[in-house]
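These protein sequences, in sequence, are chains A and B.
1 is the number of the first residue of the first sequence in our numbering; add one for each residue after it.
1001 is the number of the first residue of the second sequence in our numbering; add one for each residue after it.
In case anyone wonders, no lab produced these hints; they're calculated from the structure.
Only a predicted model underlies this, so the values are computations on that prediction, with no experimental measurement involved.
For every residue, glycine included, the Cβ atom is placed at its ideal position computed from N, Cα and C.
Check before you lean on any hint, since a few could be wrong.
Some chain A residues near chain B, calculated using beta-carbon distances under 7 Å [stated by the list, open to error]: (1) P60; (2) K63; (3) A68; (4) F70; (5) T81; (6) Q93; (7) E94; (8) R95; (9) I163.
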Amino acid sequence: MGCASSIPDKSSGRSGGLNNLDNGGAPDAKNLRVKLVLLGDSGVGKSCIVLRFVRGQFDPTSKVTVGASFLSQTIALQDSTTVKFEIWDTAGQERYAALAPLYYRGAAVAVIVYDITSPESFTKAQYWVKELQKHGSPDIVMALVGNKADLQDSREVPAQDGIDYAEKNGMFFIETSAKTADNINQLFESVSVQLSCSRKLLSDFPVHPCLIHDCGLLKLLKY
Amino acid sequence: MSSSSSSISSDDEPNSNPKPVDDELSLASVTLNESNGNGSVNVNENENNRQDGGEIAWGRKNSEVEVEALSSPSSSGYAGERGSSSETTNSRIEDDEIQQVNNDDGFVDGVDHSRASSWVPGKRHVDEDDASISWRKRKKHFFILSHSGKPIYSRYGDEHKLAGFSATLQAIISFVENGGDHVKLVRAGNHQVIFLVKGPIYLVCISCTEEPYESLKGQLELIYGQMILILTKSVNRCFEKNPKFDMTPLLGGTDAVFSSLIHSFSWYPILTNVFVQVEKLDNFSVTGTHVTKTQSCGRNFQGSAKVDYCSSHQTVQASGPIGWNPATFLHAYTCLPLAYATRQAAGAILQDVADSGVLFALLMCKNKVISLVGAQKASLHPDDMLLLSNFVMSSESFRQVELILIDSTTSECFSPICLPRYNPMAFLYAYVHYFDDDTYLMLLTTSSDAFYHLKDCRIRIETVLLKSNVLSEVQRSLLEGGMRVEDLPLDPLPRSSISHRMSQQRLLTDSPERFRESSVGIGGPAGLWNFIYRSIYLDQYVSSEISSPINSHQQQKRLYRAYQKLYSSMHEKGIGPHRTQFRRDENYVLLCWVTPDFELYAAFDPLADKALAIKTCNRVCQWVKDVENEIFLQGASPFSW
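Generate coordinates for the entire structure from the input sequences, incorporating the hints supplied.
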């Protein structure tokens, strides 16, 4: 788009970016720290999902996110694992698209959100999936989220489309409503379970922590 | 221009009394005539007609046409010298575009005069376009458009519906440019049309507010700067690649930023009963933490918008409204009054983080500076500070502190921003954190991956601020307000502290002091109503709190415009230092005093005695000197490098 003169250099890889976490958290299987990024078109409800998750609130007045907001929330799983989510809630505006690598680089989880009443936002979501497949870390856990599920009457993206696309791309799919809180916690819990499974798998192997960084290793271990 | 302020328009809203037809603007009827006089080309359509050598016919009904374009020094031909109207000889008056306006034309559109306390951020009247009568009656329009005539921003109405109108503006600009000239100003009756060309970006203001050309041009410059702050100047490259590039999506979601900036160009009152609220001080518990009762005004956006969220007795407005922002024309910033030691404590910790690789560290309360520090050799222009604080304050996503006090849920923001005066080509990265509803920290860096470092810096800063009670002092100062004309010392006794004044001076009952208690509306000694003092060396100004004689919305806005005009008249080119101006009209006496060190603007009761007023101005200067350690950020000014 040409207006971002300081776009982070993609070749700098994992060493830069807003990432002081290990890839997805410390190798302590009981207490995970997870960097999570929300991506998606403007107005699909990314901030609302985060606010619902972190504070249990819903604010119907739309507040345009600027740059990205950073929030954190810790949840406990049934197996007494705790997961601390460090959430980057990015702005959906076009002018920030070039800066997205800054926020998703090194993220363990990407939650890609669209609005079930807006086919354009679904297209945009697919753009983000492709972008992450190209430039995100290879072992990133991706979730596709159809938000505003309470607006069934004006639905324009069939749930099946989301399911199909997610399946094709090896993603986790869920429809949520930040307004009614439907499936919001489930979204983050499912993500945690998915992460902790891969962690558990990891901890079964005597892998040196720095090797975790190795691209593809996690993926390798998953199989 | 008339100096009678009875004609100063006090409002940007539609006239409450519809004006006669000939006041209506009819830009849409501009036609371009070819120089040979054959036929005319209507450029209302979205086509880019460019023709060499022609005249602009400024079509208006029932009024003579006056085209007054200020030519650039190197120019030859087109509009001629200032004041020339010979170019209008070939003008054709168009009647057809002007619509009759009646009293009952139904543009009441919910704008009532109580809006002063219910200003809502973001764009209003999106349903309007240039065919709407209500749109045409707006007193002050701002437009940003591209050099191909594509609309980018409009203060009122939907940009997309204004494509034809934008094309017209573009046609005027390019028409004059084709003649090797630049159009700066077109006067049409009450209306001024001001043009500003910034590469591929054109900015236009259409106003009937009688503000001076220089002021309006300065406002366009600030709007352009605000756009650069969001996008950087490298947006120009998009136009190099594609002249028809549509820039509106790039500015998505920034309406509130522009509208709040434009709002600050006018005197924007918040609540008039400032003193009443100050009296609530006793009930107000300022605690040692950054959590005070003010937080119950959680969403008190920009001081007054959404006031309905606050219970009124807790509203903190004593330090003056956000709209009282002379920074827009003074090119200076203002500080929150604080004890010298308190500001020093804040400055020390900011300096500490600046030494660790932060380019600029600013601690602000609303639009007032608590302290700021720049890395070595880095200087921050007051205009950049204005634009940055406007951007942060008008973007609600920065201020999600809300009422949640659980540690893990405070939000922080990290956003690319550009400081147009510092480097218009590159983004910096801003870490923004609100400590409470009004007080926020901005840490700017050149490094895109410095977030966690800045987060650590913020934690360090917060610890120090809490330990040294800076945040509670800030809340206290906010409640107490700044300098009040009623408190101007009558005797030359030096007063070392404003807070001293708060506690002691009320007991020293000067006669005006006593009156203030009993009858509201007396102002300061010798009829002093208000003043602004600008320190040239420090790039800072201080203005007195709104005093009761200028309580109403209309009066405040009128005074603001009068200051603006005064400033403009004192800064016309070719005027040496040491100037004074004394002006009396039916509204007030205005006294201005410009020296190489400072500028003083003062407003008095219209019946004020001249000699006494001058004497009072001297006393104001002395007073400012006496308390300068508290009202100004001293020493570590990054501007002096």
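Broken hints, by number: 1, 5, 9
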